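K.L.:
Mind docking chain Y on chain Z? Use the hints.
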Amino acid sequence: MRIACPHCGPRGVDEFSYLGDATLTRPASDAPEAAFADYVYFRDNPAGEHRELWQHASGCQSWLVVTRDTRTHAISQVEAARDVALARSKGAA
Amino acid sequence: MAQSHRLPSRGLVDRARTIGFRFDGRSYEGHAGDTLASALLANGVRLVGRSFKYHRPRGVIASGSEEPNALVELRTGARREPNTKATTVELFDGLDAQSQNRWPSLAFDLMSVNQLASPVFVAGFYYKTFMWPAKLWEKLYEPMIRRAAGLGRAAEAADPDDYEKFTAHCDLLVVGAGPAGLAAALAAGRAGARVILADEDFVLGGRLNADRRVIDGATSPDWAARAVAELESLPEVTVLRRTTVLAAYDGGVYAALERVSDHIAVPAAHQPRQRLWRIVATRAVLAAGSLERPIAFGNNDLPGVMLAGAARTYLNRYGVAPGKRAVVYASTSDAARTVLDLSAAGVEIAAVVDARGDAPALQEAAKAAKAPLILGGSIARATGWRGVSGCEIADASGRTLKMECDLVAVSGGWNPSMQLSTHLGGRPVWDDAKAAFLPGSCPPGMTVVGAAAGAFGLAQAIAAGAQAGVEAASDAGFAASAFDVPSVDPEPDVVYGRGPWRSPSTSAKAFVDLQNDVTVKDVELSAREGFVSVEHLKRYTTLGMATDQGKTANLLGLAIMADVTGRTIPQTGMTLSRPPFAPVAIGALGGAHRGKEFKPTRLPPSHFWAEEQGAVFTETGQWMRAAYFPRSGEKDWFESTMREVETVRTKVGVYDASTLGKIDIQGPDAAALLDKVYINAFASLAVGKARYGLMLREDGMAMDDGTTTRLSDTHYYMTTTTANAAAVMRHLEYAKQWLWPELDVAFASVTDQWAQYAIAGPRSREVVAALVDEGFDVSNEALPYMGATELTVCGGTRARLFRLSFSGELAYELAVPARYGDAMIRAIIKAGQPFGICPYGAEALSVMRIEKGHAAGPELNGTTAAADLGMGRMASKKKDFIGRAMAGRDGLADPARPRLVGFRPVDRSARLRSGSHLVARGAEPSAANDAGYVTSTAYSPSNGHWIGLGFLARAEERMGEIVIAHDPLRDGDIEVEVVSPVFVDPEGARLRA
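Here the protein sequences come in this chain order: Z and Y. Take 594 as the starting number for the first sequence in the numbering used here and just add one per residue. Take 150 as the starting number for the second sequence in the numbering used here and just add one per residue.
Don't read these hints as lab results, they were simulated from the structure. Be aware that a few hints might be false.
As the list claims (entries may be wrong) - DSSO-like cross-link-like pairs, simulated, lysine-lysine; straight-line CA separation at most 30 Å:
id: 1; chain 1: Y; residue 1: K583; chain 2: Y; residue 2: K516
id: 2; chain 1: Y; residue 1: K784; chain 2: Y; residue 2: K979
id: 3; chain 1: Y; residue 1: K658; chain 2: Y; residue 2: K670
id: 4; chain 1: Y; residue 1: K825; chain 2: Y; residue 2: K838
id: 5; chain 1: Y; residue 1: K825; chain 2: Z; residue 2: K683
id: 6; chain 1: Z; residue 1: K683; chain 2: Y; residue 2: K1026
id: 7; chain 1: Z; residue 1: K683; chain 2: Y; residue 2: K1027
id: 8; chain 1: Y; residue 1: K1027; chain 2: Y; residue 2: K838
id: 9; chain 1: Y; residue 1: K825; chain 2: Y; residue 2: K1027
id: 10; chain 1: Y; residue 1: K1026; chain 2: Y; residue 2: K825
id: 11; chain 1: Y; residue 1: K473; chain 2: Y; residue 2: K551
id: 12; chain 1: Z; residue 1: K683; chain 2: Y; residue 2: K1028
Said to hold, decoys possible - Stretch by stretch, here's where chain Z covers chain Y in the computed footprint (C-beta under 8 Å, at least three residues):
id: 13; region: 394-401
id: 14; region: 1023-1034
A quick note: this is a predicted structure, and the numbers were derived from the prediction, not measured. Glycine included, every Cβ here is placed at the ideal spot set by N, Cα and C.
Only chain Y is shown next, with the shape it has when bound in the complex:
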């Protein structure tokens, strides 16, 4: 029984290499060069899956990426992948595949009772059947439908494989390595042009390997292999196998997916599973060939029904007989080759049905195969249980002939694969003579050749491909010589598949879209219910919306809709295809950017030291910041944080402020530029002084804040918030380059160049004094609050010392070149030990800034103006600055606008929550009564209770008032007293000490 359907000779498979694989737990053998589909067919396995909705038995219908039917789960465990197409899965040793959508087994599927209930599952059934009672939807209907329908199962563990991205540039990208594509690549490659040739298959040649053609006296597979060998010998040509060009984008950019390791069990070490290419191509030749379309007839989904071209592929490329006794049903002359090849391979031809009766080649082939010929007939339905065992043929006079067969090869014509030509909005044009949509206007630089352009003949395809290759090479400046177009075996006049699209209706289901189980009746129903537009048809019936994007179904559905509504195909319309051409794993789109590598991680200079101290870290944008430094015996973050705050408020602490954005600003007009971006004056700032500054957006809302220090007349040093550093840099460049181009000033981001430590607390001066080198005075007189100086520390290390305080204590910020950052933090801790120093993290910093009423991210939230933050008076009246005009709007001066205030709970043991909304006591908590909101809260060890900052309407008149902090989602409502936002040292005596 082993490989019962493998032919004794023929094909490109390597019969010397046998490969073992498993399907649904059973072991089989195939050969190197097989796909899973060809190997299953070789073993006589026709039933490979159950359908999406009706759980009908399904087999292999196509031989490429258009396959709608033979979808399997591939591999096991974390590498399990649902909905892989058996027709594109390359056979490898140990391949393990499972059929989908069946329970308990493929042969005996209980869910196939869905068919009996099929009136319930017609198009639009979601909208009709399960409407009432609505409450059953979530609990009953949806889970039930999901279990019954649906595709395969996704893996339940994280993807263990790697993915990567490449960018490549070329003069010519050739999409498809069939005869036209090979000719284009050869013509351009021989001239020396940089060519990338991509094809989704693992053997190049397209239909040259599927048909028995003769080119220049060689068999077509040999000709293809020689062409590929020559291309691979050309240094400027890159040949990409297993690579699907997914999309065309603006500017000659194309996306392609290379399946680097899908044809082996597990990727090799350091190899990705898949690689996403971004290809920038001056010219592109689309030579993607064409895809065959079926004719709809009863039970046309039974295993054993196959596209006529696919039957040839299995015969000629894989050496597999897809059946023993075949009926060929076609409206084209092309299917004549199927008749001849089947017959030559020893498959008996039970009958040839020429659907229109006008294809002489088909009739001659029938005669040569000594097969009964039925002119102008149709297949009414296929018969059989789990596969075709016969069919009923209606002849032109209406008589029914019953025919035994195990293969029905069907062809309704060929659809050019010009999807990529429509990705930038080009609309295909219907060609009535060829019964096909042909490419309309293409993306700039793209030429469509061969079958993709409707030129179905082999000689035509080679000539057009070569011509396009020569043109592309000449365009790129290469002297391309004329290409000797080879001679090919005689080609009969083509009869195109111009209908019929379906056989006269029978009671059996006739499928249009096999993957989504859309039938001819569904299309008819859609028309009856008024969904006659092609866009409505698609959405109402789900035609073409499965993972195959309706590659075999769309035109058939459209043609039947045209038929039913008495319109032509172009009148009925066409849905455009969108990228990607084939499904892409999210992993490939993400590439290396996943998990920890999703974004860069930035570490401040003290990071490794902080790790040694056992710090717990928190992410702030890309930065890792120490949140707190737990000590033994402390049971949670709260205890550690409270201890850190106490230490800073009573002794001294150190915090790594290096994550703040730092911008070096130099130039004769540095002061003028700063005056434009800050609301307050900086030109008047004395050298050696720092000043707090607030910058606005042009609409008057606060954008960012920080301190800027004047180091010399023409040199300033700006700090920004950690989160906004890049946005501020961009804003400065915008102001300088676009708004005030005459200003002579330059910026450099120096965030990563300086390590900057805040040393805060009543003992901080003593610590700093111990660090600075002899001769530098850090007394209050020499370096008062907001003073700044350049000096050296620790025996000659260049440093900047700022008298700045965010905590509200006597404090300094000491900046040293980043490479000394690690040594500096260790030196600070050592110098601070006699004074009881401890490091503090972002949590303690946050508590202290809330205690001091300093606005931060939650307050600078994009909806607050300077006046809302209590900084309205800071704005200079003497100069223009960004945001000045809009900040002066009446609306922003309205006292009803919420302003920054502080809150404390009336019940001092109550916890405040940020996010609570504020309403007057006794008022109903509603949007109309919303008087503001709480932005930041903390437990204040200095006050012994929770405190909060927030914005409250008419805040000035409400000091001391009790309002309700409404928090329906967490702890409910609590009463809070409106107070000043400064909870610690309101006079600022400590920081000036």
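In isolation and in its complexed conformation, chain Z is listed as follows:
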């Protein structure tokens, strides 16, 4: 598998490390414990398109949001996680 890092171009998957679901948002600090429990422990396991966090760990250190089809491993989009996070916090504000 290859991932097109927005900063470094397409690179082999062994340069990247995987974290998991990028659709989760860390609850606000005053959120109830249950919200944090959901955030820490509960994951969907979709068959199909999935947004997930990867890091270009053996490269530029960027965290990335990779949109990948879990059935075919086809990657349709790679974004810098920081850009996604900033857009999200703007949207929330």
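P.N.:
Using the frame of chain Z, we list chain Y on its own:
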């Protein structure tokens, strides 16, 4: 007798070059261009091995990597390699091969009595025969089966050869250099595209070299050689011989194995034995051709039974007659070429059996060869002792004809080699007319052409290959012009091998899978016992599970199962092939990463100095750390370590702490970020001060700890544990980029930039004072405990000095740029000499941290929360931080949760062991009564007895209680007293001195 079966002319072998080789200790001769199989056949050697289970005599059945039979041990000593295929081993001078699975000799094998006991060895015999009594399994049955069965012997010494890995990028990868592959590579290469053409053979051309075809008026081998020459002249084309494409992966990534040096006795200097390629290809053309399948008949494993196409390969490519008198048994028109080529080479055709009676080409060939033709007949069985000496043919009316022959050439049709097209889950589709599985959906970017796609004709293959090459080149932006498809000699209408799959049953064994000794009867038995699914058939009989992955066997087994159960082949199913296409040596997958190069070795700046001191080293992750510094007269690590601890506790010692992770943190929001990752506050830390910090995972468990120093308002310097440095860096970046992207802060790993020495002990201040340049004050007032300052040492060398202590003594950490690290340690030792300084290693450090009750790796083990470590109160209530919410869970506040405490043995001479579990006195040691465990132990010279740290349930109420440290695996149980985890200077007076 020399090369009795070598034909006077024909073939691509270089008759001017004779090569000597040995097989089972006997010397033979072959020619350059031979394989071991062709050279053995040229010498009339038909018996080359014994079979896996029944030890039946076996010979060469195929001519390529699909060979299930002719497996030999190649080379000797450390380079001995079992199960190499004689059909792919290139002959080289001095080649030494041994047959396998025979004792005492190949011709006379005592183990062949297994055949007489064959009812015992039927499919599933493991599950049936050796069930009872169970205790005999390990001692008797298994060793016995292993000796009797099994393949060759592995080398007993370490592999002396090197392996390497390459990565390559191309517009088009062409897999297979037969007619379709050559055409594809030519079409794309001429347009200027970057092409990699890989073929497992050492002569390119595939069946063009095995058949006598005519292309544009040239012989097919000449046409192939010209095509290869042109490809090699194109600057953007890479031609890889002896290279098997093993697997297709996501994103157009392919793995291929190049056998760089397997065709010579020993790799040349600085050359690898094999090279693993990772090829990133925008497009791929799979032109791997097809593999012939046999028809099962009695004794179809006797040496002298050969695939009809392979017989042609030996004739036409190697100039070897695989027999003198042949019977050809086929259900295809393709075998007509075998009849004609054998006959033309002077091999007598004893009979031609047209299994279905519907192959006109075969019948015409029989007529041309003046051979008896048997329509709709079958071979009931081959006869002979160590090789075919005849066969019994049943004609359509059921009459049996006995025929003398020494070669039975058999063809049940051709299976397209589309394995690579299924590696990403594509399912092959059965084509009834062609009696073959054809590629279904392919990996993105892959096109299958030629015989691999079921287009068996030569003209068809060249046209389809060229078309795919043009498309790939255009795709990559090259102007590819139309490819002039050459004219070829006339091709008769193809009759495909649509059965029968086996001849009517006889008492003789008819083999389906030759490598694993699976017979037609085994398949029938599998069906009778209900294992009718193809997946069950495979596992019950081991069909297709040998190293050849059933390349000649799978379809036959499947077809017979379909037959027996009255279903069609597609109803019966198909097992998918998985990577790798052919067996790969682990050495090739490891590449250069073996032995010391398995992972990088990191050396702290004092390493070479420590070597000079005779230090004994220990590995911590990638780092080499000095464990202790033995002095003459000390008999073991324990004595040296105790002396080092005593020296630090009474005088002064120095330790290289450079392996700690070090992270430079800068930016207006540096303080805010640190407050998010540590449980305690760092925004409030004064400039010039250090603070111990604990960070949690979001689930509330401790992740790492260390000290962080504030160098300025916007500049911090963090240390992490040696093992977790990379994980902490990743965690910080995650927090900054994903959780709090608005924070303006940046990190740099500076682990390798700073050499950092801990100078510890009551005399340490005097040593440090001797090192710092004039004008810098290191008094307790100027630099109190947890203070930090930037200064210069040794006459102008920039340094950072921290008043930190892990040992519990008055101590400093002195950091200088790494390039001064070696000079610095020498300067420290010199400055410390008047005060009795000694270097100390990781062992002494560990003893001292256990004496002080400091948590380290064994305590921060991923299952302990801050409260478990006695640091619950450190957590700030005024801010949010990673892990805060989950750390507040009721479960983690439960007093029944084991908490960090210290232990000392009631019998002060007893030794404590980490890993012991704790149970109350009088309680039975069981999981239900498990009250905790011991994590770290050391002999404490300061206390004069063993001490331990660990986690104990309800620890607060149990101080002073005697519990049992249960250790059934080592020294048994001992009584320990629960005490404070701090065994030395609990008030901390020394470190503040």
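K.L.:
For the pair supplied as a hint, K683 of chain Z and K1028 of chain Y, confirm whether the alpha-carbon distance does not exceed 30 Å.
P.N.:
With Cα atoms ~23 Å apart, K683 of chain Z and K1028 of chain Y stay inside 30 Å; holds.
K.L.:
Take the C-alpha atoms of K1026 of chain Y and K825 of chain Y, compute the straight-line distance between them, and say whether it is at most 30 Å.
P.N.:
holds, 12 Å
K.L.:
Are 3 or more residues of the region 394-401 of chain Y near chain Z, judged by a Cβ distance of less than 8 Å?
P.N.:
Since three or more residues must qualify, the claim that chain Z covers the region 394-401 of chain Y holds, with 4 doing so at under 8 Å.
K.L.:
Residue count check for the region 1023-1034 of chain Y against chain Z: does it reach three with CB-CB under 8 Å?
P.N.:
holds (count 3)
K.L.:
So if I understand the rule, the pair passes when the alpha-carbon distance is 30 Å or less; does K683 of chain Z with K1027 of chain Y pass?
P.N.:
holds, 26 Å
K.L.:
Has the given pair, K825 of chain Y with K1027 of chain Y, been kept, meaning a C-alpha gap of at most 30 Å?
P.N.:
Between K825 of chain Y and K1027 of chain Y the Cα gap is close to 11 Å, so the pair holds against 30 Å.
K.L.:
Given the hint that K825 of chain Y pairs with K838 of chain Y, does the C-alpha gap stay at or below 30 Å?
P.N.:
holds, 19 Å
K.L.:
Does the structure keep K473 of chain Y and K551 of chain Y at a Cα separation of 30 Å or less?
P.N.:
Judged against 30 Å, a Cα distance of about 17 Å means the pair holds.
K.L.:
Quickly compare the C-alpha distance for K784 of chain Y and K979 of chain Y to 30 Å and report which way the hint goes.
P.N.:
holds, 26 Å
K.L.:
Against the 30 Å threshold, does the CA-CA distance of K658 of chain Y and K670 of chain Y hold or violate the hint?
P.N.:
Holds. K658 of chain Y to K670 of chain Y sits at ~8 Å (cutoff 30 Å).
K.L.:
K683 of chain Z and K1026 of chain Y were given as a pair; does the straight-line alpha-carbon distance stay at or below 30 Å?
P.N.:
Distance ~28 Å between K683 of chain Z and K1026 of chain Y Cα, so the pair holds.
K.L.:
Do the alpha carbons of K825 of chain Y and K683 of chain Z lie within 30 Å of each other, as the hint requires?
P.N.:
It holds: about 21 Å lies between the C-alpha atoms, which stays within 30 Å.
Checked against the numbered hints given earlier, this structure breaks none of them.
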